[in-house]
Amino acid sequence: MRGATHAKWAALATAVALAATACGGGDSGGGGGGADGIVSSSWGDPQNPLEPANTNEVQGGKVLSMIFRGLKQYDPKTGEAKDMLAEKIETTDSMNFTITVKNGWTFSNGEKVTAKSFVDAWNYGASLKNNQKNSYFFGYIEGYDKVHPDKGQPTAETMSGLKVTGDQTFTVKLTQKFSTFPDTLGYAAFSPLPQSFYSDHAGWLSKPVGNGPYTIDSYSKGSQMALKKWDAYPGPDKAQNGGITLKVYTDNNTAYTDLTAGNLDLVDDIPASQLKNVSADLGDRYINTPAGIIQTLSFPFYDPAWNKPGQEKLRTGLSMAINRDQITQTIFQKTRTPAQDWTSPVLGEAGGFKDICGDACKYNPTEAKKLVAEGGGIPGGTMTISYNADTGSHKEWVDAVCNSINNALGNNKACVGNPIGTFADFRSQVSTQKMKGPFRAGWQMDYPLIQNFLQPLYYTNASSNDGKYSNPKFDKLVDQANAETDAPKAVGIFQQAEEVLKGDMGAIPLWYQNGSAGYSDRVENVSLNPFSVPVYDQIKVK
Amino acid sequence: MPEPLEPLESYDEGRAIASTGAGGASDLGTAEAETLEKTPGGPEGTGAGKKPRSLWSDAWHDLRRNPVFIISALVILFLVVISIWPSLIASGDPLDCDLAKAQEGSQPGHPFGFNGQGCDVYTRVVYGARTSVTVGVCATLGVAILGGVLGGLAGFYGGTWDGILSRITDVFFAIPVVLGGLVLLSVVTSSTVWPVIGFMVLLGWPQISRIARGSVITAKQNDYVQAARALGASNSRMMLRHITPNAVAPVIVVATIALGTYIALEATLSYLGVGLKPPTVSWGIDISSASQYIRNAPHMLLWPAGALAVTVLAFIMLGDAVRDALDPKLR
Amino acid sequence: MGRYVIRRLLQMIPVFFGATLLIFLMVNVMGDPIAGLCGDRACDPATAAQLEKEFGLDKPVWQQYLTYMGNVFTGDFGTAFNGQPVTELMANAFPVTIRLTIVAILFEIVIGITLGVVTGLKRGHPVDTSVLLLTLVVLSVPTFVTGLLLQLLLGVEWGWIKPAVSPDAPFSELIVPGLVLASVSLAYVTRLTRTSIAENKRADYVRTAVAKGLPRRRVVTRHLLRNSLIPVVTFIGADVGALMGGAIVTERIFNIHGVGFQLYQGIVRQNTQTVVGFVTILVLVFLLANLLVDLLYAVLDPRIRYA
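Quick mapping for you: the protein sequence lines, in order, are chains A, B and C.
End of the first sequence sits at 542 in the numbering used here; the numbers just go up one at a time, nothing left out.
End of the second sequence sits at 331 in the numbering used here; the numbers just go up one at a time, nothing left out.
End of the third sequence sits at 307 in the numbering used here; the numbers just go up one at a time, nothing left out.
Take these hints with a grain of salt, some might be off.
Under the rule of at most 25 angstroms between Cα atoms (straight-line distance), these lysine-lysine pairs were calculated in the DSS-like manner [said to hold, decoys possible]:
hint	chain 1	residue 1	chain 2	residue 2
1	A	Lys489	B	Lys101
2	A	Lys146	C	Lys212
3	B	Lys101	A	Lys163
4	A	Lys413	B	Lys101
5	B	Lys101	A	Lys542
6	A	Lys146	B	Lys101
7	C	Lys53	A	Lys129
8	A	Lys313	A	Lys228
Hints listed in this document are in silico derivations from the structure and should not be mistaken for laboratory results.
Small disclaimer: the values here were computed from a predicted structure and weren't measured.
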């Protein structure tokens, strides 16, 4: 009798389990489904509405890279800015530009791409009323201060520096000489926009329409976006696959796990902790290519304790106490390259990449200890390195950097990581100048120019100069370089400015970040562009 | 004269409310204590030594013979000793790390191997005990005192004060613990254990408060309390001499079990990136950083997680044993 | 009964406002959401000010709270920073989490009660001891460790399950996550049932039933079980609210786009509207679940009558 009771319970439990399993047995779709050559790829929920001038992070940027083409397009391999929609961009004085837009381009809804499509879009992006987070990209254009004043209400609707002069031509007038301005036009913020963007804004946002090789088939916010190849796409870089499905993952570790389980085709952000497994899990289906991203340690120059004369020795000493080779190998499995300057190898030597930092970026514990002592020692005896703990694998390397400094200085209390719970709070503390010690700074280039690695970060009061580094010599050289029309000469002057930065050790360069991605055996021809975004249109499904 | 007790209230408040922290730790024991408070605290005994057959001496008599109690008490004693003098059994410095040895396994002198930063896992496990025990003990003390006092007062005075306090209890109870932790601790910059403890007290007290309220209400109904009241005993005297000794048992039981769950909660918070911060050495921090390397170097996860589990287990078992001893029904 | 329900509902009002105000204040302490929104490069002051105005962040907190609650009562839960109405986020997230909760509750009922009954009937037997030990182990290992281990073993090493749940989150993919979510409560239900069964086994009515010569099975199912399950049922009922709000860790591990995920994301991005909106609903669920449990108690236990 007792046995019977047990058997009944057990049978019930088994039956429930079986039923539950059977119910789901039919589902075998997922990422592996090969219908129509669709590629599934990992994604994160974009933080902002998908407006081109409002997208300042890489997840939204992925979508924009698929549905928009601008005047220029950066070559996925070399990063060189090549004409895409631009027929020609002419200037004589580096201040006034005449831009001719190619004929024959349309948006995927059939509307023709004209000069007006660009001018309206740029005016929209610049206007304070529209809260576009990338509006400062238009800051060089004349009349920007009227549509986007620092204080108060805008006094103009459109920028006076933009004029439509024909169906396919318009002129741009800048407030200062900027010889490489045309090369910046590949940035997503400069994309053209169709009329529906203004007439039915909410409708456009729920299903954006652009002029790129893909169209958005369906978009369920927060979970996934299905992009379909646009067959009538007029450009040369037609999609090689049937479409891309972007799937939101709560965690990049989970995305990687899903890739190894065969449920996903492409992961473009492999967590540092999994790098050891990639060769076992993926074999040669793993790519690790340089990208225009540099990680540095910034200093709070606004804090008197960190802004004393002679402290450049302290900063240089700290730089030399960091064993970059060991950290990039052990923690990052060579997906980072020890930094030698403040730019990025994707610029190439012609673009200004050069070993400027030299010995100051080489690990040398004895010299480091000496320099730190000569520079007055670490303020307060202990320093913190602040970082945000919610995204990225920052904890590992910050701890490793601190341990490296501690070992070099022979003091286990010299440096300690300071995790800040959320990225939002981290940024808020950085921008309100509350940092009490060095903090992590990462810079992903907007366009592959040496100017972009120096001016926004180290020019006095520049938009991303979070540490408030300031040196008049540096500023002067940058101004000179911007006015220089001869490209190689301009690069040379920028490098002189970089030498000034090195003398001050205005920020410690740590390493260049590579793009790392893994893919399934269903797809091939996968690559990452210099912005570490997958070149989706090139992916082929086997 | 307090209003007569409605049956509803005693069930309502004394009944177990499900765990508020299902994400990591759960306040089990709330409901188990229910059985306790329905049983009046046995024959009145004000001091443990006075009457040989008081609840407390009875319980002690039981506990001394209970192997579960002895084992868990020994484990806890051991933990307390190494929290105070970690160097007794670990000679190294937990902050000594050599990246060249990252993730290496067990080797002579380093029985547990090295973690992802090349720190000695054994040394860190030993030093981590202090943090975990501190968090557990302090959070429990805070919760027991705050919750016990507020719940006790609410139960003793009843009426409007009870209503207000009970509603406040509900408010704090309604906030999921892990969620509250994420919100509150994400802005903390201090690297000490106190913000974490403070948060646990802030969101943990309602659990004890409900138990305490329920058991005070039960104790208040006992004949001897009514008799003391009739004899004109003052409120404070009744509370101290008659009610507290009899109402405190369920609180102790739940608090002991909760202690273990606070230690586990600290680890969960660290996993979510809002727990303790370096240079504090804690099992939670180590477990959460090791959890990413679970495939390559499981030993990094195994040892701190094992230490944590044994500690939590010891406190739960202790609480279990104490409950068994205090609950005459199960004898 | 009716009067009791009304009184309970009235009591819920201050609790509801208190809890939402509390979370509102907590979220506001978190710091400046605009800074996070602007990313690695700080927004220029003009844009930041404009954004603050748009999200109403330039007003004092109490005013923000009043405006917010006013809107909530008209069904407007505000807009997330990505321009999506919070109600839309809820419409996507709640069904997923409800499914996950159902799976978890099923585990609690089927496995928890079964084990509890078996061990309760056989106190001191080796089966009892080992199950009891097992529950203790489950209770002492943090959920995220259990979750990660199961995901690694079942999902990656052995390939029995999908390691990540797809956006649709069908029941079949939620079995293991549900088990992980339920694990702590499961262990608890087992222990509760065991205690309750063991207690009631010695009750007079059971002895009478046995003495009457009723078959053992009938005694167990009809008499013993019915009475012993009262505390268990109430526990499980109250657990519903807790499970729904407590799934942050489980949802994160298994890539489930439910309430926990939205809450986590909302907190990380300091998106006040999302966090407060979801918590408001959770608080309501919690309060209603508690009320239902109390009423259920009365139905199950005839000794209790609510005036």
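Each hint, compared with the structure:
1. A/Lys489 to B/Lys101: Roughly 47 angstroms between the alpha carbons, so the hint for lysine 489 of chain A and lysine 101 of chain B is violated.
2. A/Lys146 to C/Lys212: violated (95 angstroms)
3. B/Lys101 to A/Lys163: Not OK: lysine 101 of chain B and lysine 163 of chain A at ~63 angstroms, beyond 25 angstroms, violated.
4. A/Lys413 to B/Lys101: At roughly 20 angstroms apart (the allowed maximum being 25 angstroms), lysine 101 of chain B and lysine 413 of chain A satisfy the hint.
5. B/Lys101 to A/Lys542: Measuring from Cα to Cα gives roughly 42 angstroms; hence the hint is violated.
6. A/Lys146 to B/Lys101: Not satisfied, since the Cα-Cα distance of roughly 59 angstroms exceeds 25 angstroms.
7. C/Lys53 to A/Lys129: holds (11 angstroms)
8. A/Lys313 to A/Lys228: violated (56 angstroms)
In summary, the numbered hints that this structure violates are 1, 2, 3, 5, 6 and 8.
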